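Whenever a hint applies, use it, and build me the whole structure from the sequences.
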Amino acid sequence: GQNIDQPTEMTATEGAIVQINCTYQTSGFNGLFWYQQHAGEAPTFLSYNVLDGLEEKGRFSSFLSRSKGYSYLLLKELQMKDSASYLCALNTNAGKSTFGDGTTLTVKP
Amino acid sequence: EAQVTQNPRYLITVTGKKLTVTCSQNMNHEYMSWYRQDPGLGLRQIYYSMNVEVTDKGDVPEGYKVSRKEKRNFPLILESPSPNQTSLYFCASRFVGGGNQPQHFGDGTRLSIL
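Respectively, the protein sequence lines represent chains L and H. Counting from 30, one number per residue, gives the positions in the first sequence under the working numbering. Counting from 8, one number per residue, gives the positions in the second sequence under the working numbering.
It should be emphasised that the hints constitute simulated quantities derived from the structure, not laboratory data. Be a bit skeptical, because a hint or two may be false.
Keeping only pairs whose Cα atoms sit at most 27 angstroms apart, straight-line, the calculated BS3-like set for lysine-lysine is [as the list claims (entries may be wrong)]:
(1) L:K86 <-> L:K105
(2) L:K125 <-> H:K64
(3) L:K125 <-> H:K72
Note that this is a predicted model, so its numbers are computed, not measured.
Laid out in structure tokens, this is it:
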């Protein structure tokens, strides 16, 4: 299986940096993806990792360590609009896609 | 505009009455997939399709059917809906080639089965 664990909720302050962790147990996967989902809306793609290391995209970065079964999403210069749920997902070569239950981030002024 | 379109957006119906949720994408994506999202449980994959006439079960396929007769369309069929299928449903699509590709999601369909 591809059990994925994320913290249920996190709170951070506007302007700060927050790290959302994702751990998984799997026999193999192609890439690890991060999506943002505002309440009542569709998920939207943020970042992905295929190889170990850090991928940076503006205020968002994602890190992967396959040997440790671990990824994180780093959000810098937090804004109020970053309050949302963040989903970690794994894709396999065969097409299966498994999502974590998501981390609800609340950004406070 | 590149998009995934689901219809209907909202539906309230009764147990046992067959229903179909349509999904269409205009991005020429090979891969399409259906998910359900329940409170606290994240997205769970129902069925997916790697290309026309190729479909496979996801993690929660019981009670659902799909078909992929055309590249752009991937309808989700509930032959005999039951209350435990009350949920928020998302359709998604992506390219298959070129390694990993992110999924593009429709706006969701909220189904209530009474």
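- Item | Hints violated by the structure (listed by number, smallest first) | Violated hints: none; all satisfied.
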